[in-house]
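Student: What follows is the residue order along each chain.
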Amino acid sequence: MSSRSDLELVADFQNGKEAAFNELVVRYQEKIYWVARRFMSDHDAADDVVQEVFVKVYDGLKNFRGESGVYTWLYRITVNISLNALRRQKLRDFFRIDEVFEVREEASEGPDERVEQQEQRTLIEKAIELLPEKQKAVFVLRYYEELPYEEIAGILKTSVGGLKANYFHAVKKIGEYLKRAHGTR
Amino acid sequence: MGHADIYLVDYVTGKLEPELRLRVEAHLRDCLKCQQGLEDVSYTFQYAGKVQHSTPASQYFSSIIPHVRERLENRTQWSWTDNPVFSKLALPLGAAAVALALLMNIAQFGPANGSVNPLSPIFYGIEPEDVVDMVVEESPPTPWTTRQTQDVAQAVVGDHLTRGHFLQDALTLDVQPYFYELSTISSQQLLQNFDEAQVEAILKKLEERGTL
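Residue numbers (our numbering), protein chains in the order written: chain A, 1 to 185; chain B, 1 to 212.
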């Protein structure tokens with residue numbers, strides 16, 4: 001990978017160098033994947049988000065003026081596309097209630113360690129899924145991505161104070177949900 | 001200090017300045033609400049820290065660029081008004097129109113007694129194109145080429161929406177009135193209310209899905 005900065009790559013792309021786009025993809029694909037994965041909870045759905053993000057990035061790069069960093073811009077697109085995908089998923093689940101139940105039953109069988117890990121994952125994913133969109137986004141970006149509040153504020157276009165409150169409520173709600181699920185509340 | 005809510009997460013994760021940390025600790029000694037908050041926050045971190053997420057296969061990341069390039073190449077630019085295939089699209093377009101109407105009007109459906117629509121949480125934040133997408137993705141391709149009438153279009157969507165015994169079993173009776181008015185919607189009338197951009201977006205999706 002070259003040592004060219006993000007903005008240099010953007011400029012290269014705007015000057016007709018297609019390879020610069022590939023380089024941006026390689027540079028950010030893992031980060032984007034993991035953000036999408038935290039939102040989407042399964043690999044295929046996350047993969048779809050990743051591809052959609054980069055298609056959108058490709059279109060947007062021509063007009064990218066650098067008002068925010070490339071990194072911030074990419075995160076913003078990823079969060080928006082992930083939230084849209086979640087809305088669609090919610091709608092699909094609503095119209096396919098039987099299938100949703102089947103999937104959940106399958107996920108809860110067997111006592112071995114792998115299944116226990118899967119159950120724990122499912123539980124926390126469910127807790128995150130139940131959060132309002134903004135809290136969900138803040139939780140993913142802060143807890144999993146460990147981004148500073150200031151950066152998250154730039155991505156979600158909101159105030160740091162509001163973010164801290166959102167983050168607290170997200171973490172608290174997840175704790176409450178987990179406790180209820182474990183019968184400790 | 002007032003409640004220490006917004007500092008609790010940073011307190012638990014050790015990211016507070018020493019002075020603020022002392023103030024939070026002083027507050028916690030006397031505030032039951034914040035003590036409860038602290039307990040919930042701690043529980044989350046304790047639990048979440050143990051959960052490991054499965055990583056994708058090693059070759060996955062090298063497949064992203066080819067897939068993105070493929071998506072970019074598959075996109076086509078065309079105008080529905082100039083395209084002769086438009087005449088063949090009446091049926092799917094009608095189905096999509098009903099789907100759009102469902103979404104755009106569902107919040108207003110139902111008894112006019114001021115009761116809260118129980119479907120609102122499901123449809124909150126859903127865009128019309130999401131519904132169109134779902135209908136187009138899920139509906140079998142064959143019906144599109146049969147008789148092009150608004151009734152058939154509506155039937156396709158209706159069938160889709162009621163699949164999984166949705167109206168019969170899955171939802172409570174209080175939801176059913178919210179769907180009643182759908183049966184009176186004419187897809188042709190609905191289409192007249194859409195602007196060119198909306199129609200073009202639907203057509204594009206239909207073409208992308210390869211249903212024609």
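FYI, nobody ran anything at the bench for these hints, they're computed from the structure. Since the structure is predicted, the reported quantities are computational estimates derived from the model, not experimental observations. Check the hints yourself; a few may be wrong.
If you anchor each label on the Cβ, the simulated ranges turn out as follows [stated by the list, open to error]:
1. B/R75 with A/V160: 37 to 45 Å
2. A/A19 with B/E19: 26 to 34 Å
3. A/E18 with B/H27: 52 to 60 Å
4. A/S3 with B/R29: 51 to 59 Å
5. B/S54 with A/K56: 50 to 58 Å
6. A/E116 with B/G2: 16 to 24 Å
Beta carbons: idealized from backbone N, C-alpha and C, even for Gly.
Student: Against each hint, give a clear statement of whether it holds in the structure.
Tutor: Hint check results:
Distance hint for B/R75 and A/V160: a CB-CB separation of about 39 Å, consistent with the stated range 37 to 45 Å. Range check, A/A19 to B/E19: Cβ separation about 51 Å, and the 26 to 34 Å hint is violated. Separated by about 57 Å at the C-beta atoms, A/E18 and B/H27 satisfy the suggested range of 52 to 60 Å. Separated by about 53 Å at the C-beta atoms, A/S3 and B/R29 satisfy the suggested range of 51 to 59 Å.
The hinted window of 50 to 58 Å between B/S54 and A/K56 is violated, with their beta carbons roughly 26 Å apart. In this structure the supplied range 16 to 24 Å is violated for A/E116 paired with B/G2, their Cβ-Cβ distance being about 41 Å.
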